[in-house]
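Novice: In case you want the letters, here they are:
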Amino acid sequence: MDEHTLDANAVAGTLHEVFGVELTGQESECAHCGNHAQVGTFRVYDMHGPGVVLRCSTCAQIVIRLVRRPDGSYLVDASGVYLKAT
Amino acid sequence: MAGLAWEIATVAALNDETPHIRTLSLNVAGWSGHRPGQHVDIRLTAEDGYQAQRSYSVASAPGGDGRIELTVERVAGGEVSPFLHDELIVGDRFEVRGPIGGYFVWDGGSPDPLLLVAGGSGVVPLMAIVRHRAAIGSAAPCTLLFSSRTPADIIYASELESLAARGDGLRVVHTLTREQPEGWAGYSRRIDAQMLEDVLGLTGKSASVFVCGPTPLVELAATSLVSLGLPPSRVRTERFGPSGG
Amino acid sequence: MSERLVTRGFVGRRGSLDRGNRTPPGQYLTTDFPVLSAGPTPHTPLDQWSLRLEGLVTKPVEWSWAEFNALPAREYVVDISCVTKWTKLDMSWHGVSVDTILAAVDLDPRAAFVIAFCDGGYTTNLPIADIVNDQAFIAYGYDGAPLAPEHGGPARLVVPGRYFWKSAKWIRGLRIVEKDVPGFWEGFGYHNRGDQWLEERYSGD
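Residue numbers (numbering that gives the first Met the number 0), protein chains in the order written: chain A, 0 to 85; chain B, 0 to 244; chain C, 0 to 204.
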C-alpha cells in the first residue's frame, strides 16, 4: 500500500492540456510489462513535486513524465507507454 | 487547448451539507456539459497574480444548462478549501476548466449492475452517477456502500434516503465508523473485505464498480474486490490524496 | 483575458517571504515537511539493506545496516530548500558525513562526479567537490527519531546547499565516475547543479 499516490484522473486536466485530447479514457499498453489498461489506471506521483510521474498500475515502471516549464510549456516523456491515437 | 479553456464561474448558491462539507452551485459561461464522474479544475488568482489550482468532482447530474455543483470538503490548514468555505459568497467569480476525465465515468448506457463504494467526500462523483441514473430512469441495479464517520457527516443523507425510497433498484448501505445513532443496525466499522463481499452479494459479480475515497480505502477496496473475483478492468478507482486542500 | 480574473478575497497561503537572509530567492518559508516522491515508497528490510561505494575507487565497499550505523555520525541542523519553492529552516538530522564514507577508499585520479542511486531507481548527480568537506551527509535520523520511510528512510542523502531533489531518498549507494551523468530530474528539465542561492531551477537557468 502506498499512501502517496493518486489515480491518473487527478492529472486528467494536465494530460488534456499537454496531449490536446482527453487521455484518461484512452487505451494504452505499458512498454515495460505489456499491461493493457486505460490511462486513467496509471498511478500519479509527485503531482506537487518537480514534475508529474505516471507509473503503470501493474509493474510500477514509469510510463509518462511531465515537467512544466516556467513559460507554461511542458517537457513530455511518454516513452514508457504505447498510446492509441483515435 | 481545444475543449479545455479556462472559463469564468459565478457562484449562484452555497449550501452546507455537513459541518465540513459545502456545495457550490456555479454558473459557468460556455459550459459544454459533463458526464457523471468527471471533475473540473478550478483556479483562484490573488491580487498580486499568485494562483492556486485544485480539482473537484462535479456532484450534479448532466443537463444543468450551464449550472454545475461542486461539493467541497474543508481541509483544515488547506489553502483553497478554507477559502471556498469561509470567504466565498454568492456572486464571487473564479476560473474553471472542464469537464475533465474520461475514465471514472458512467454514462448510463449499460444495464449491468453498479456497485459504488464511497469514503467521505469520495461520494461526490458517485452522487453524480446516482443522480444521473435516477434522472434517466436507468434499469441498472445500483448499490452504494458509503462510509461516514458519524450520522452528522453523511453527505446528501436526505436525498439519498428519498432516492432509495423510490424503489427503482437503488440501495444505499451506510457504515458509520466513529459514532452510530441509537438502535443503529447498520455497519459500524471501516469498509473491509467482508463488507465488500456482503454488498457484492447484492449486486452480483457482473457489477461495474466505482470506488472513490481516501487512498487507503481505495487500495483496500480495489484489492479485495479483485480477489473476490471481479476483473480489474471493471473496478475503477479515484483516490483522494494530499492535494494541499 | 481570463488570465487576469482576480478572485475577490483570495490571498493564498504561501508562508512568509522574508526572514533575514536565510530564504533563497523565490522561496517561501514553510513549517510543514511535504512528502515528494517520484515513486512508491520502498520498504527494504534492514537485514537486506546495504550502502555501496563503487565505481572509480580502489575497491568497492559495502556496509550492512549495522555496519553503517556503527560509523561515526552526528547531528546536522540545516535549512532545506525544495525547487517547488518551499524552504524549511533548522531541520535537525542525524547522519554520517559523506567524507566518512569516502574515507573508506582511495579515489581513482579520474574521479570527478558521484551518482547517488536508490531503491526504486531514482538517481541524482553531483560533482565530488560539492559533497566533500561536510557539505553532504547520509541521514538515518530526523528530529530525534529514525527517518520515516516517506521521508526517505531508512537512509537518504542530504545536500543542504542544493535544491532538495539532490537529497536522494532511499539511498543505496554512491557511484564514483569520471564523466557526469544527469540524474532522474537533471536529465529531464531540471538544472544540473541546482544551487538554490543562484536559483538554478531549470536547465538553462
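Wrong hints could be hidden among the right ones.
Partial chain C-side listing against chain B, Cβ under 7 Å, derived [unchecked claim]:
1. Thr-6
2. Arg-7
3. Arg-12
So the derived list for chain C, only partly shown, Cβ under 8 Å to chain A, looks like this [claimed, not checked]:
4. Phe-32
5. Val-34
6. Ser-36
7. Pro-39
8. Thr-43
Everything labelled a hint here was simulated from the structure, so no lab data went into it. Every residue, glycine too, gets a C-beta built ideally from N, C-alpha and C.
Novice: Take the hints in turn and mark each one as holding or not.
Specialist: Evaluated hints:
Checking Thr-6 of chain C against chain B by beta carbon gives a least distance of about 4 Å; that is within 7 Å, so the hint holds. Interface hint at Arg-7 of chain C: satisfied, since its Cβ lies 5 Å from the closest Cβ of chain B, which is below the 7 Å cut-off. Restraint check, Arg-12 of chain C versus chain B: the minimum CB separation of about 4 Å is within 7 Å; hint holds. For Phe-32 of chain C, the shortest C-beta to C-beta distance to chain A is roughly 13 Å, which exceeds 8 Å, and the interface hint is violated.
A hinted interface residue such as Val-34 of chain C counts as satisfied when its beta carbon comes closer than 8 Å to some beta carbon of chain A; here the least separation is about 6 Å, so the hint holds. Restraint check, Ser-36 of chain C versus chain A: the minimum CB separation of about 5 Å is within 8 Å; hint holds. Because the closest C-beta pair between Pro-39 of chain C and chain A is about 5 Å apart, less than 8 Å, the hint holds. Contact between Thr-43 of chain C and chain A, as hinted, is not supported at the beta carbon level, the nearest pair being about 14 Å apart and thus beyond 8 Å.
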